[in-house]
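Enquirer: Start from the sequences and build out the full structure, keeping to the hints where you can.
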Amino acid sequence: MNEIPEVIRTIPLQYYLFFSSTLFVIGIIGVLTRRNAIIIFMCIELMLNAVNLLLTAFSAYRSDANGQVFVFFIMAVAAAEVCVGLAIIVMIYRNLRSTDINILSNLKW
Amino acid sequence: MTGSLFYFLTFLTLFAALGVVFSKNPVYSVLFLILTFFSLSGHYILLNAQFVAAVNIIVYAGAIMVLFLFVIMFLNLNMDTEQAQKKSVLTKVAGAISGGLLLVIMIAVLKDAEVGSYDPENFDSQIGLVENLGHLLFTKYLLPFELASVLFLVAMVGAVMLGKKETQQRHF
Numbered sequence: 001m002n003e004i005p006e007v008i009r010t011i012p013l014q015y016y017l018f019f020s021s022t023l024f025v026i027g028i029i030g031v032l033t034r035r036n037a038i039i040i041f042m043c044i045e046l047m048l049n050a051v052n053l054l055l056t057a058f059s060a061y062r063s064d065a066n067g068q069v070f071v072f073f074i075m076a077v078a079a080a081e082v083c084v085g086l087a088i089i090v091m092i093y094r095n096l097r098s099t100d101i102n103i104l105s106n107l108k109w
Numbered sequence: 001m002t003g004s005l006f007y008f009l010t011f012l013t014l015f016a017a018l019g020v021v022f023s024k025n026p027v028y029s030v031l032f033l034i035l036t037f038f039s040l041s042g043h044y045i046l047l048n049a050q051f052v053a054a055v056n057i058i059v060y061a062g063a064i065m066v067l068f069l070f071v072i073m074f075l076n077l078n079m080d081t082e083q084a085q086k087k088s089v090l091t092k093v094a095g096a097i098s099g100g101l102l103l104v105i106m107i108a109v110l111k112d113a114e115v116g117s118y119d120p121e122n123f124d125s126q127i128g129l130v131e132n133l134g135h136l137l138f139t140k141y142l143l144p145f146e147l148a149s150v151l152f153l154v155a156m157v158g159a160v161m162l163g164k165k166e167t168q169q170r171h172f
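Protein chains in written order, with UniProt numbering: chain W, 1 to 109; chain X, 1 to 172.
You may find that some hints are simply not true.
[As the list claims (entries may be wrong)] Here are the simulated lysine to any residue pairs, SDA-like style, with alpha carbons at most 20 Å apart:
id, chain 1, residue 1, chain 2, residue 2
1, X, Lys-111, W, Val-51
2, X, Lys-111, X, Tyr-7
3, X, Lys-92, W, Asn-102
4, X, Lys-24, W, Ala-37
5, X, Lys-92, W, Arg-35
6, W, Lys-108, X, Thr-91
7, X, Lys-24, W, Thr-33
8, X, Lys-92, X, Val-104
9, X, Lys-92, W, Ile-40
10, X, Lys-111, W, Leu-54
11, X, Lys-140, W, Ala-76
12, W, Lys-108, W, Ile-92
13, X, Lys-140, W, Phe-73
14, X, Lys-111, W, Leu-17
15, X, Lys-92, W, Ile-101
16, X, Lys-111, W, Phe-58
17, X, Lys-140, W, Leu-55
18, X, Lys-111, W, Phe-18
19, X, Lys-92, W, Ala-37
20, X, Lys-24, W, Ile-101
21, X, Lys-24, X, Met-65
22, X, Lys-24, X, Phe-74
23, X, Lys-140, W, Asp-64
24, X, Lys-92, W, Leu-32
25, W, Lys-108, W, Leu-96
26, X, Lys-24, W, Tyr-93
27, X, Lys-164, W, Arg-97
[Unchecked claim] Listing some non-contacts, in silico: residues in chain W with all C-beta distances to chain X over 10 Å:
id, residue
28, Leu-104
29, Asn-106
30, Leu-107
31, Lys-108
[Claimed, not checked] Which stretches of chain W does chain X cover? Using the computed rule of at least three CB atoms under 8 Å from a CB of chain X, they are:
id, stretch
32, 8-19
33, 37-46
34, 60-74
35, 89-96
No lab work stands behind these hints: they were computed from the structure.
Using N, Cα and C, we set each Cβ at its ideal position, and we do this for glycine too.
Expert: Rendered as structure tokens:
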């Protein structure tokens with residue numbers, strides 16, 4: 001019943017660190033290079049998921065359930081954020097007929 | 001067996017994440033993002049975190065992705081809308097270089113970090129199950145759990161207010 005999962009016995013915790021860092025950096029590169037607001041939003045979701053995976057991995061390796069509760073709350077906040085953010089993108093499209101963030105430069109000095 | 005499954009899921013996740021960033025068509029980006037979420041759920045199942053895996057599929061692959069796809073269909077963005085601009089290539093190269101440098105630094109730091117490992121005596125493989133996490137959510141984390149419902153109410157009201165048509169606005 002209480003046997004240790006095989007992935008925890010065979011895979012070191014550092015592999016999860018490397019994997020999450022790579023996923024996070026892919027999200028950062030997407031935010032920096034893409035100009036479409038919806039794609040930037042998806043890349044933010046990628047970064048949130050990299051953090052979720054790392055929290056779950058540490059929680060599973062340390063047998064500490066608090067980390068997985070935090071993953072649950074991160075998912076709840078991400079859902080609320082996507083809901084409001086997509087409404088903002090729809091409003092931007094309504095006014096500008098585009099979701100390209102280069103057009104949204106009115107506040108640039 | 002499990003080790004090769006771990007590597008397979010890792011490469012699948014990274015491939016799909018790169019697909020999200022480099023697809024020209026936003027619909028393909030969303031489909032790659034769904035693949036990323038499913039392979040991450042596979043990782044959660046490997047770690048015996050079944051509650052997180054189920055919630056990941058329900059919330060991300062179920063709700064958030066439907067929202068994304070719906071907005072993309074709604075705005076008719078299923079073609080490449082990013083015009084080639086003169087600063088575009090420079091921005092892309094600068095973004096890729098700074099992201100890559102961050103990855104190099106993070107891996108160089110984490111390579112020698114003391115993260116420890118599992119404790120074979122006190123290990124509890126049941127912590128990721130619904131029973132344990134539900135107990136924790138409704139005792140220790142009851143206040144944040146209830147505040148999350150207030151957050152959802154605020155987000156719902158905000159989305160309805162933002163999405164409502166106003167009389168002075170241009171319609172499409």
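Enquirer: Lys-111/X and Val-51/W were given as a pair; does the straight-line alpha-carbon distance stay at or below 20 Å?
Expert: holds (18 Å)
Enquirer: Regarding the pair Lys-24/X and Thr-33/W, is the alpha-carbon distance no greater than 20 Å?
Expert: Holds, at roughly 12 Å.
Enquirer: Leu-104/W: least C-beta distance to chain X exceeds 10 Å?
Expert: The claim holds: Leu-104/W sits with its nearest Cβ about 14 Å from chain X, beyond 10 Å.
Enquirer: Is the Cα-Cα distance between Lys-92/X and Ile-40/W 20 Å or less?
Expert: Within the cut-off at roughly 14 Å; holds.
Enquirer: The stretch 60-74 of chain W covered by chain X? Criterion: 3 or more residues, Cβ-Cβ distance below 8 Å.
Expert: Since three or more residues must qualify, the claim that chain X covers the stretch 60-74 of chain W holds, with 12 doing so at under 8 Å.
Enquirer: Compare the distance between the alpha carbons of Lys-108/W and Leu-96/W with 20 Å, and conclude whether the hinted pair is satisfied.
Expert: holds (17 Å)
Enquirer: Can you confirm whether the C-alpha distance between Lys-111/X and Tyr-7/X stays at or below 20 Å?
Expert: holds (18 Å)
Enquirer: With the threshold set at 20 Å, check whether the alpha-carbon distance from Lys-140/X to Asp-64/W stays at or below it.
Expert: holds (14 Å)
Enquirer: Just to be careful, I want the Cα atoms of Lys-164/X and Arg-97/W compared with a cutoff of 20 Å; is the pair within it?
Expert: holds (17 Å)
Enquirer: Given the hint that Lys-140/X pairs with Phe-73/W, test it: the Cα-Cα distance must not exceed 20 Å.
Expert: holds (13 Å)
Enquirer: For the pair supplied as a hint, Lys-24/X and Phe-74/X, confirm whether the alpha-carbon distance does not exceed 20 Å.
Expert: holds (18 Å)
Enquirer: Closer than 8 Å, Cβ to Cβ, for at least three residues: run that test on the stretch 37-46 of chain W against chain X and report holds or violated.
Expert: holds (count 7)
Comparing the model with each numbered hint stated earlier shows that all of them hold.
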